[in-house]
Every structure is written in C-alpha cells, then in structure tokens.
Amino acid sequence: MTEIVNPPAVGKSTRDGFGQALLKLGEENEQVVALSANLCESTRTLEFAKKFPARYIEIGVAEQNMAGVAAGLALGGKIPFMTSFAAFSPALNWGQIRISICYNQANVKITSTHAGLSVGADGAGHQALEDIAMMRVLPNLIVLSPCDANEAHQATLLAAKHQGPVYLRLGREPLPAITKPDATFNLGQIQTVKEGKDAVIIATGSLVYQALQAANELAKQNISLAVLNCHTIKPLDEETIIQAAKRYGMLITAEEHQIAGGLGSAVAEVLSSAHPTPLLRLGVNDSFGESGLPSELFKKHHLDSQAIIDAVKRLIAHTQYQIPNT
Amino acid sequence: MTTQELTKLALRIRRHIIEIITKAGSGHPAGSFSAVEILVTLYFHTLHHDPQNPKWEHRDRFLISCGHAAPALYAVMAEAGYFPVEKLATFRQFSSPLQGHPHNGSLPGVEISSGSLGQGLSQAIGMALAARMNNASHRIYCLMSDGEQDEGQVWEAAMLSGKEKLDNLTAIIDRNGIQIDGLTEDIMPLEPLKNKYESFGWHVVESDGHNYPELINAFDAAAKTKGQPTVIIAHTIPGKGVDFMENNFVWHGKAPSAEQAKEALNLLEDR
Chain P
1 MTEIVNPPAV GKSTRDGFGQ ALLKLGEENE QVVALSANLC ESTRTLEFAK KFPARYIEIG
61 VAEQNMAGVA AGLALGGKIP FMTSFAAFSP ALNWGQIRIS ICYNQANVKI TSTHAGLSVG
121 ADGAGHQALE DIAMMRVLPN LIVLSPCDAN EAHQATLLAA KHQGPVYLRL GREPLPAITK
181 PDATFNLGQI QTVKEGKDAV IIATGSLVYQ ALQAANELAK QNISLAVLNC HTIKPLDEET
241 IIQAAKRYGM LITAEEHQIA GGLGSAVAEV LSSAHPTPLL RLGVNDSFGE SGLPSELFKK
301 HHLDSQAIID AVKRLIAHTQ YQIPNT
Chain U
1 MTTQELTKLA LRIRRHIIEI ITKAGSGHPA GSFSAVEILV TLYFHTLHHD PQNPKWEHRD
61 RFLISCGHAA PALYAVMAEA GYFPVEKLAT FRQFSSPLQG HPHNGSLPGV EISSGSLGQG
121 LSQAIGMALA ARMNNASHRI YCLMSDGEQD EGQVWEAAML SGKEKLDNLT AIIDRNGIQI
181 DGLTEDIMPL EPLKNKYESF GWHVVESDGH NYPELINAFD AAAKTKGQPT VIIAHTIPGK
241 GVDFMENNFV WHGKAPSAEQ AKEALNLLED R
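Top to bottom, those sequences are chains P and U. Heads up: the first sequence begins at 1 in the working numbering, then just goes up one per residue. Heads up: the second sequence begins at 1 in the working numbering, then just goes up one per residue.
Hints should not be assumed to be uniformly reliable.
As the list claims (entries may be wrong) - Derived DEER-like restraints, expressed as beta-carbon distance ranges: (1) V137/P x T90/U: 27 to 35 Å; (2) V137/P x F94/U: 45 to 53 Å; (3) H275/P x S95/U: 35 to 43 Å; (4) P276/P x K87/U: 42 to 50 Å; (5) S26/U x P276/P: 29 to 37 Å; (6) E28/P x S26/U: 19 to 27 Å; (7) E28/P x L265/U: 34 to 42 Å; (8) Q243/P x M188/U: 39 to 47 Å; (9) K163/U x P235/P: 52 to 60 Å; (10) S26/U x G95/P: 16 to 24 Å; (11) W56/U x G123/P: 31 to 39 Å; (12) F94/U x G95/P: 20 to 28 Å; (13) P235/P x Q93/U: 29 to 37 Å.
Said to hold, decoys possible - Here are the simulated DSSO-like pairs of lysine-lysine, each with C-alpha atoms no more than 30 Å apart in a straight line: (14) K161/P x K8/U; (15) K161/P x K51/P; (16) K51/P x K87/U; (17) K51/P x K23/U; (18) K55/U x K50/P; (19) K226/U x K24/P; (20) K163/U x K246/P; (21) K50/P x K180/P.
Hints in this document: simulated from the structure, not taken from any laboratory. Positions of the beta carbon are idealized from the N, C-alpha and C atoms, including for glycine.
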C-alpha cells in the first residue's frame, strides 16, 4: 500500500515528472529522441531539446506528420517520444497513430500533456476528454495515466523500456505527491493507495488525489473508503477489479474524461461479463469543457472530492437498500 | 541487365499482376501497371539491398506509400528473390503474407504498412533522420501516387523535408494522372506540381516513368544532390501495357474478368 507523501506547498505536474525523466533517459540512452509539434516548453521537452539538439525534432504545428516521423524514427531503431497536447495528438493524427504506429508496431511513445478539464482558461478546444477512449481501442498500444509527478517519471522510464507503442496521458496542473519518487511502476497493476472496508473507488490521474481527500473526509464520518489508483488503463487489471467487486458489492470510477469510453467504461466491460456489480462512473457526462479554474470545472462536472463523497453515500444507500451482498 | 532482359522482365511482371488480381477478384491494376518500370529500376538497379537478408542494416530503405500498387510491388519483390514466385498466387487470400495492402509485419522486405494514403513520406523522413543521427550512408526512397498528393500530411512532410535538408531522401511520384473518381486534374488539380515541391525546398527531376535510361539518370541525380531532398516526378500511363486499360481511370481499382484477363495476357506475351 502506498502512503501519501505530505504534499508540498506547490506540487509538480505529471508533465513535469515526464520532462525530468526524459532528460534522464536522454543522458542514459542515445537512442531516445524527442519530437514536438510547436509546444516544447508546455510539454516539458524544451530542456531535452537544449541539451540534445541533434536528437530533438521540431515538427511545427503538424501532428499527423509528427506521428509518421516518429514511426519512421522508431523503425530506424530510435525510441521516440512524440509530444503535444492531448486535444491535438491523439485527435488530428488518430489515423496515423493507428496505421503508422500501431499496425506497424513502431516503438513510439505518444506523450500527450494537458489532458482533461484542468487545462482551465484555454477552454473546450484544448480540454481533451476523449483521448483515453480513442487510444484504448487501438491494438498493440498500452495506455498509461499516472497520478502524480513521481509516477509520471516512473511511467516515462517504463515506457522507454517497453517494447511497443505507448500512450502516456499527462496533465498541466501541479498535483500533490501521492507516490514516492522511487516507487516501482508496476505496469498493468491497480495500486491500493488507501485501504478501506465500506466502499471502493478506482480513480486515475488527477482524480486519485480528489479520491484521497474524499476518503479522509469520509473517515471523519466513519465511512471507510478504499482508494485504488489505476495508472494502467490498458492492459487493465481485471483481477483486482473483480476482487474489489466481490469484496465491496459496488464500485465507483473517476476520471478527467467523458464517462463514455474511458476508465469507467473499461471497468464496466469487465464487470458486466465477469461479475455484474453496481457501478457509478464519475466523469464528464457527454459535454465539452469550458474556460474556468480547475476547481470550478471539477465542481461543475462532479469530479471534486465533494462529488466523490456524495457518490459514495449514494451508492452505499442504493446497495444497502437493493442489492444483497454476495 | 540488358534492355531486352528488362523488357522481358517488365512483361513478366505485368503478367503476374494480371494473374494475381484476377485470381483475387480485386486489386488495383492501373496504378500497379504505371509503377512497374519505377519499381524495376529501384529493385534491379538503384537500391542497395539483399533479398536474402531483408533486415540487412545497411540496406537502402524503400517505402511504398501508395500501397494499392501492392501487386506491382509483390511481383517485383518475387522476381528479385524476396520470396518464391509461386507465392504470388496467395495475394489477398486469408492468412497470406501478401496482404491487400502491404503490411510490414506480414512480409519481410516491406518496410511500412500502407493503404491509408499520405502516410509514407512522413515515415520516410523519420528513417532519413535516424540514418543521419547514426551517420549511416544508406538512402531512403518513398513512392507516392499523384492522387495521394491531395492529403495534407504529404505537404507537412514536404515542408519538414525541406527544412531538414534531407538529401538522403528521394521521393518518387507515380504521375499517372488518375485517381478513383477520375482524372487528377478534374478531382483536385495538382499542377504546377513541380513548382509546389520546388517552393518547399526540394530538387525536382522530371522523368518518363517508363523509360529506363531516364529513370536511372533521375535516381543517380537524386543521389548526387546535396542539401535538399529530391522528388522524381515520373510521368506514367495508368494501365500501361494493356491497351484497353491505358488512360482509363475505371481500371484504378477494378479486377478484370476472366475474358479480359485472357486478352490482357495475350497482349503481354513475350515478343
């Protein structure tokens, strides 16, 4: 079980964790190269570009070309990290990711920052809420969604070692540290971040912190909420999900993503075939984002800790009333 | 190879193309026929490659972006020794290494998977950049169709190639003037195509796409050009070699009937 590391006053974002890991990879492995579609500062690729200019390619605002160039570099023996915002890549270049990367089995690490609502003021066009859905349906691609900068750092190192295409989903906002800096990233395993006996939430990315805050508040009200961190959306840890369903009789999922097609849907798929269980999916309910502070947007879309508290209470009441424990 | 040998080879390849498309009941005759001399020049003159060792690290890379010309590619690869000619008959069959559009995971010697147009040049750039980073001296060649110049990604790639001055990259455009829905100049006019690539920083060479000395000169010129990538605009005839198919866009993606195939094979007999 992972302990919460006391959050520093100002956290680091998952994109920061990636940027630092990329630098480290650059020093350790000559084959690691990086590409940016005109967003190198925002995607934290700039330091790599300055330190290893011969191994950095500025593509300009051309995400489709970037996917193809990355594929060619990978087929030429390199380990390319291609970077942009999740609203643009994947998105504009989904067809290229599908054929040039996935069907070719090109060893490309698709790294997309600014996923989710917490992009904030830039508004809906920049707030990617569909990228998990778009990526997890592609064969040969693994999908990673780290919960803090430390985990993003480890995920990046793992991505470089992994043989095959990777999608790495990162955010813009600083987040308190939940995992320890040297914690092992166990690909494909859901992590128990907090034990609990009354209810369980499976969260990903920035929602893991919201879930922990909710758990701490619920504990004061004698409700014990277990918090699970799903950092690998694909391949999904079906075993842990089924065990949780058997233990708690109900589940909640939470993600900065549409409720259709992301983590919640993936969990629903497992449950409905293996162990049908009431499931409450927290996510954006089929709408676009908008300008606002992350806190305002989370509140509106029922993704903050208060929304999780309400969801837990609702689900407990529902299942106590209707569903006998199996 | 002598001119006579090359002529016989091209006839044989065209016969293979008719046979395998007819047997499969589907395929793309026009674009396959227009590409034959280009592919023969590459595989029998220009490319440094080893059909017995498709993964040879110093090989020149040949990427086919217009994957619908697969029948031509497969026929040329078979004649060059990448796999037995008998295997050609499995084109488009279930479990065949000869997929409807080339797949790098299915057939050794195929560098990239194609079929979705416009993606090859970007990947060629990636390979060219990797070669430069490694100080490797092999070259990268990418065959595109004229129809696929409609795809925006091609122009993104063209811009980047010029920016990066990729003189180890040679693109070839099979300028046969047709695409599925009709003539290129009716569907989406491309002219002046030469000027477009030149303005993106490319060296442009125009060639008769069915004339071996011109093609060989064009490839040699590309290899000698420093500081910029080269595109060879190969002027070709769609359906070249079978008179009832020539210059008729309906043959872009239609398989001949058994009688039409017989007639075509008669026209393609050795002379």
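Here's how the hints hold up against the structure:
no. : hint                        : in the structure
1   : V137/P x T90/U: 27 to 35 Å  : holds (30 Å)
2   : V137/P x F94/U: 45 to 53 Å  : violated (24 Å)
3   : H275/P x S95/U: 35 to 43 Å  : holds (36 Å)
4   : P276/P x K87/U: 42 to 50 Å  : holds (49 Å)
5   : S26/U x P276/P: 29 to 37 Å  : violated (44 Å)
6   : E28/P x S26/U: 19 to 27 Å   : violated (49 Å)
7   : E28/P x L265/U: 34 to 42 Å  : violated (59 Å)
8   : Q243/P x M188/U: 39 to 47 Å : violated (57 Å)
9   : K163/U x P235/P: 52 to 60 Å : violated (39 Å)
10  : S26/U x G95/P: 16 to 24 Å   : holds (22 Å)
11  : W56/U x G123/P: 31 to 39 Å  : violated (52 Å)
12  : F94/U x G95/P: 20 to 28 Å   : holds (25 Å)
13  : P235/P x Q93/U: 29 to 37 Å  : holds (32 Å)
14  : K161/P x K8/U               : violated (50 Å)
15  : K161/P x K51/P              : holds (21 Å)
16  : K51/P x K87/U               : violated (50 Å)
17  : K51/P x K23/U               : violated (56 Å)
18  : K55/U x K50/P               : violated (34 Å)
19  : K226/U x K24/P              : violated (35 Å)
20  : K163/U x K246/P             : violated (58 Å)
21  : K50/P x K180/P              : holds (28 Å)
The structure does not agree with the numbered hints 2, 5, 6, 7, 8, 9, 11, 14, 16, 17, 18, 19 and 20 stated previously, though it agrees with the rest.
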